[in-house]
Amino acid sequence: MDIKNILAVVAGALALLLYSSVYTVDQREKAILFKFREIVNADIKPGLNFRMPFITTVSKFPATVQTLASRPEQFLTGEKKYVTVDFFLKWRIEDVSAFYRSTGGGRIPDAENRLEQLMKDGLRNEFSRRTIQEALSGERGSILQGVESKSKEVAKQLGIEIVDVRVSRIDFPDTVSDSVYNRMRSDRERVAQDFRSRGQEEGAKIEANANRESTIIMAEAYKEAEKIRGEGDAKAAEIYAQAYQQDAEFYSFYRSLSAYRNTIGKNGDVMVLEPTSEFFRYFKQQALQP
Amino acid sequence: MPWNEPGGNQQDPWSGKKRGSGGNDPEELIRKLNEKLGKLFGGSGGNGDNSSQNSSKGIIFLLILFVVGWLLSGFYTVDARQQGLVLRFGAYQATTDAGLHWRLPYPIETVEIVDTEQNRSAQDRNTMLTKDENIVEVAVAAQYKVRNPEDYAFNILNPDFLADQTQGTLYQVMRGVAREVIGRNDMDFILKEGRAQIASDIQNQMQQVLDNYKSGLQIITVNLTYAEAPPQVKEAFDEANKAREDANRYQNEAQTYANKVIPEARGKAARLKAESEAFRQETVSRAEGDASRFMQLVTEYRKAPEVTRERLYLETMETVMAGSRKIVIDSNSNNMLYLPLDQLNGQTSTAAGNTAQAAAAAMQNATDKSNATPTPTDVPATNAEVTRTGREAGVRESR
Chain A
1 MDIKNILAVV
11 AGALALLLYS
21 SVYTVDQREK
31 AILFKFREIV
41 NADIKPGLNF
51 RMPFITTVSK
61 FPATVQTLAS
71 RPEQFLTGEK
81 KYVTVDFFLK
91 WRIEDVSAFY
101 RSTGGGRIPD
111 AENRLEQLMK
121 DGLRNEFSRR
131 TIQEALSGER
141 GSILQGVESK
151 SKEVAKQLGI
161 EIVDVRVSRI
171 DFPDTVSDSV
181 YNRMRSDRER
191 VAQDFRSRGQ
201 EEGAKIEANA
211 NRESTIIMAE
221 AYKEAEKIRG
231 EGDAKAAEIY
241 AQAYQQDAEF
251 YSFYRSLSAY
261 RNTIGKNGDV
271 MVLEPTSEFF
281 RYFKQQALQP
Chain B
1 MPWNEPGGNQ
11 QDPWSGKKRG
21 SGGNDPEELI
31 RKLNEKLGKL
41 FGGSGGNGDN
51 SSQNSSKGII
61 FLLILFVVGW
71 LLSGFYTVDA
81 RQQGLVLRFG
91 AYQATTDAGL
101 HWRLPYPIET
111 VEIVDTEQNR
121 SAQDRNTMLT
131 KDENIVEVAV
141 AAQYKVRNPE
151 DYAFNILNPD
161 FLADQTQGTL
171 YQVMRGVARE
181 VIGRNDMDFI
191 LKEGRAQIAS
201 DIQNQMQQVL
211 DNYKSGLQII
221 TVNLTYAEAP
231 PQVKEAFDEA
241 NKAREDANRY
251 QNEAQTYANK
261 VIPEARGKAA
271 RLKAESEAFR
281 QETVSRAEGD
291 ASRFMQLVTE
301 YRKAPEVTRE
311 RLYLETMETV
321 MAGSRKIVID
331 SNSNNMLYLP
341 LDQLNGQTST
351 AAGNTAQAAA
361 AAMQNATDKS
371 NATPTPTDVP
381 ATNAEVTRTG
391 REAGVRESR
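In order, the protein sequence lines correspond to chains A and B.
Heads up, the first sequence is in the UniProt record's numbering, so the first residue is 1 and it goes up one at a time.
Heads up, the second sequence is in the UniProt record's numbering, so the first residue is 1 and it goes up one at a time.
It cannot be assumed that every hint is accurate.
What the hints assert, rightly or not - Computed, partial: chain B to chain A, Cβ under 8 angstroms: (1) 125; (2) 129; (3) 141.
As the list claims (entries may be wrong) - Partial pick of chain A residues on the chain B-facing surface, computed with a CB cut under 8 angstroms: (4) 24; (5) 26; (6) 45; (7) 80; (8) 124; (9) 125; (10) 167; (11) 180; (12) 192; (13) 221; (14) 231; (15) 235; (16) 240; (17) 260.
What the hints contain is simulated information worked out from the structure, not anything from laboratory work.
Since this is a predicted model, take the numbers as computed values, not measurements.
Built from N, CA and C at the ideal position, the CB exists for glycine as well.
Please build the complete structure, drawing on both the sequences and the hints.
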């Protein structure tokens, strides 16, 4: 064998050895170094790393936050109503060796199945202790806290850190939704009636007030007007009295004549007269003495 | 997702991605390089003749060319709206801003470019439950950008997977937070005055959650682009809004009525008062007039009472008689007297029932008839025969 060839083979073997003794770990990865399937290092920095060829092997796992999004699940609330709930879980591998050991060699679906089961049990428990309203409003945070604190313990055994649990949707099942719509409809009808009735009430008030005010105005005006008329009458009476006191007997004669004039002799009144009356005194005489 | 597939014990979750590929490009290239170097070593050390010298010179030239080209491939540019992340063997080294940069060439260092200034958006529209257990339809739109490219690139899987929005963390968070905020508020508040408030609540809470994830994302704005009652109950809601308008209308109508009635009453009141003032003035003036007239008459009467009395009496009687139909009966005569009273009454009632003209005609008619009656004492006196005295008697006229 040629020495050159031997050198080439040796160089090639060395290069292969060098190559197989380095490996890279991405910023987004965690790696475990095994020596004959025994974990020797689970805390490997990202970048270029060295290993013993043939003796050690490397497995890599994601270091980023993973998402577990659940399928819609029905839960029973405190008042025995079903709600459809979606939730998602944000988690990441914290202790990669524990993760490897507890999930059948770092199988992510395994881990997610266990986490999902954990969440569902936790949520079922939390929902059963609350009314829908509590679940919907301010209680979301505490639901998640309740679920989180229990599941964190389990997650820790899996080498997992639960970053966040979040209910993304709480809905009624379709049948319940229909009755909700019916209630909303009747509620709006109530509101509409309320608006109309209140409007009519206000309108009636305004009208009644207007009527009251106008009646009062008219009455006040009448009072004032009668007072003024009374003043006129009183003043006139005073004037008349003063004048007629001059000769009461003549006044009565004078006034009587005025009354005759005004009451008789209009509209073709018929007068039945005796020729002996004072008025005919000359009339008769003439008739007797032609 | 690759790691969800069964039997993925050793499967690399990053194998689908170009950048982190563990067993792929860099190592292979290093291997090739090593092989080449090995050959070169062997070649130069082996042959000593000319031809091999020439060929080794050529090889060295090619090698230099290759190295220069390789070094030149380390140049890269970053746009003004981007930032570059330099990774050495997958480990984060530095963040570079806009401009021309150089890195160690390919297998050693790689660069990932992240758009940091570009505004990204996500939206979600669906029915949601409110605090009072009503259902509303709400659309939420968020504008966001990358604030911290390192966090954005390294901390979360799919921070905002743009191709499929629903797979991105940002969308998931928006969806969850929007429902949470809607669930904290009553329907009326959401549909009416609360929209801005709710949008800002969603924004704040989303930011909080994303910060908690160290996502490197920053929410710029959140808008509630739509918030209405769902179509199933829309009609009832419209009806309620209509009712609100009706209520306003009722009030406006009443106010219109009030605006008509009160000024009218004031006007009437003013007229009443003016009339009464006029009455007072008139009454007093008349009284003064009457009194003055009477006083003057009294003065003259006192001078010749008998004559004046007689004159006044006769003048009055004259006027009275002139306007009347007269029947003169001598009470001493024994003749039976027949008065056609019913006829006379009929005449007057007809007159009352008709216009003045008809009354006049009827009167004439009646007079003719009465002429025809055999009543001897019937005086044929008609209005035409009466001559009114030109001078009015000193009698007060009625008002």
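Task: Hints not upheld, ascending by number - done: 1, 3, 7, 8, 9
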